[in-house]
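> Residue-level listing of the chains:
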Amino acid sequence: MKLNIIVLAKQVPDTRNVGGQAMNDDGTINRSALPAIFNPEDLNALEQALLLKETNPGSRVTLLTMGPHRAADILREGLYRGADEGILLTDRAFAGADTLATSYALASAIKKIGSYDVILCGRQAIDGDTAQVGPQVAQQLGLPQVTYTRRIISLNEGMVTVERSIENGVEIVETSLPVLLTVDGTAAQCRPANAYRLLRFHRAAIPTEQAAEGFRYSKQIVADEALALKEWNLVHINGDAARCGLAGSPTKVRKVDNVIFKAKESKRYSAGDEDIKALVGELLANHTIG
Amino acid sequence: MNSILVYCELDGTRVAEVSLELLSKGRRLADALNVQLEAVALGADLSTLPAQVYPYGADTLHLFEDERLSPYTTLPHTSVLCRLIEEEKPQIFLLGATVIGRDLAPRISSALHCGLTADCTALELGDYEDKKSGVKIENLLYSIRPAFGGNIVATIVNPYHRPQMATVREGVMPLQRVRPDGCDGNTVHHNVSEYVSDADFMVRIIERHVKPQDNNLKNAPIVVAGGYGMGSKENFDTLYTLAHLLHGEVGATRAAIDAGFTTHDRQIGQTGLTVRPKVYIACGISGQVQHISGMSDSGIIISVNSDPDAPINAIADYVITGKVEEVIPKLITHYQQKS
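Residue numbers (this note's numbering), protein chains in the order written: chain A, 1244 to 1533; chain B, 30 to 368.
It is possible that some hints are incorrect.
To be clear about the criterion: a stretch of chain A counts as covered by chain B if any three or more of its residues have a C-beta under 8 Å from a C-beta of chain B, and this derived list gives those stretches [claimed, not checked]:
id : region
1  : 1339 to 1351
2  : 1386 to 1395
3  : 1447 to 1457
4  : 1522 to 1529
These are calculated hints, taken from the structure and not from any lab test. Quantities reported herein were computed from a predicted structural model and do not represent experimental measurements. The C-beta atom is built at its ideal place from N, Cα and C for all residues, glycine as well.
Please build the complete structure, drawing on both the sequences and the hints.
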């Protein structure tokens, strides 16, 4: 069965390893110093899509992301790894969106794509860790959802069987297509970029990039239309501005505090036997242990 | 005034601890707002629910008893709760930030078009002034949560949409029994078939494998935790000996788990468990903020690290500077000799 598969992905700052250069002197984070990456669990989702494509020849994997122009980077990265098409959803009207406004824009874009059997996305993104956008998109499209997907066990005759994580265990569920699956980090890792695809798709660009001064691949894009990444705005997806971006977000950020842990006066010991013995003695004496 | 509603998640017939924690918190919020606290549970056998729920302060308990509602699946629980919320119009709706809560809450917020804040670690009440319109709103729910990998804490409000929804992490709200066993409230048995349709049952559970938690990390008085700095699984395994000796449990950072030193159920930190033991022994843990946010409320913190400037040392009461593979065996030996 030929499937139309949509993968939702997000470009995120790499919050996992905040190194010294990303710290300001006052202990706060310099966000612009963090590298922008393909959200890790969205890569797990892309792998599930590519596996489905392998077992269902003729299937098509479309990568959809929302963000600023530079988020086109993750579309290219997805193409290197095996996606067939990339769409960037970008508009000032989308800026400042909370999860609900984000899911509205994504759901509207998916409606514009029109035909889909499986929608895949990461369980959550590492910048917000909310895990909300997947289920919110599913609700707006009226689709069943399976969250915390570990693997797709089988897909045939319009039914899909999925293994998912639950508290302290796993569950195997079955549902009909179309369906939205959110994939967690226990799922298979995404395959790396393919060298031939990299050579071909590093020329892929959204219209804004193509129009920029110094863009060198206009001829190649004319010759190979797969290099033409799509760039959609509010009008393209027939969106309601009142439901997008800051205006369409029921939640507001009242304030943001940097986390700075209060330093304590600590007692210092070496790894020498005498020191360890003294420490154990003190901990026993003050009933910390024992 | 509009009530506060708490979703009671069930593990078989038992209410999840996080739901009781939310009832405890919900009671305090309801008292501050002078409103009713309502609880809702969906499942196959709810006969013990009143006895479990009322001691934690609920005034009303909505029960939806139907074989088809257990185990949990997304769509029927969404349909029931959306309709109940439309009927009861609570101003605040709280769920646990568990696999179920995080599957269900966004679905409901999307259907009702109301704001949802995930994985909160604190809830407060306060005022909000809309700078654009100058409108001041009193007694809003402040949903407080870590974001950006735990490097910031954001306070989120929902000024104009109701209910104000939040999922709350397990273990962050203290349990508080406020009424004696056997107390009673207003229990409402609803007719489930009026709330769900056949289409809600399109997702079918074929198999389910749940094994009981094989560690008691959450409630352990002493936690011996290892990080990537443990170096190998063999080194990490020495922590079990130390933990056993101290009657504690073994925890780990995400990096240690990613390196294959131990299992996911031992992860402490922003994407794992929040613990607050009497004693926390951090071994080979540098102290990424994601980890510290899950253990910084521990009573006494002991850090074992070869780097004297490891960030975790700043919050430690005792710092041992040395290689973990030397220090851990010495701790074991000296403890055995002394006690």
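> With reference to the structure, classify each hint as holding or not holding.
Comparing the hints with the structure gives:
1. 1339 to 1351: Satisfied; 4 residues make the cut.
2. 1386 to 1395: With 5 residues close enough to chain B, the hint holds.
3. 1447 to 1457: Three-residue rule not met by the region 1447 to 1457 of chain A, so violated; n is 0.
4. 1522 to 1529: Our answer is that it holds, as 5 residues pass the Cβ test (under 8 Å) against chain B, meeting three.
When held up to the earlier numbered hints, the structure conflicts with hint 3 and nothing else.
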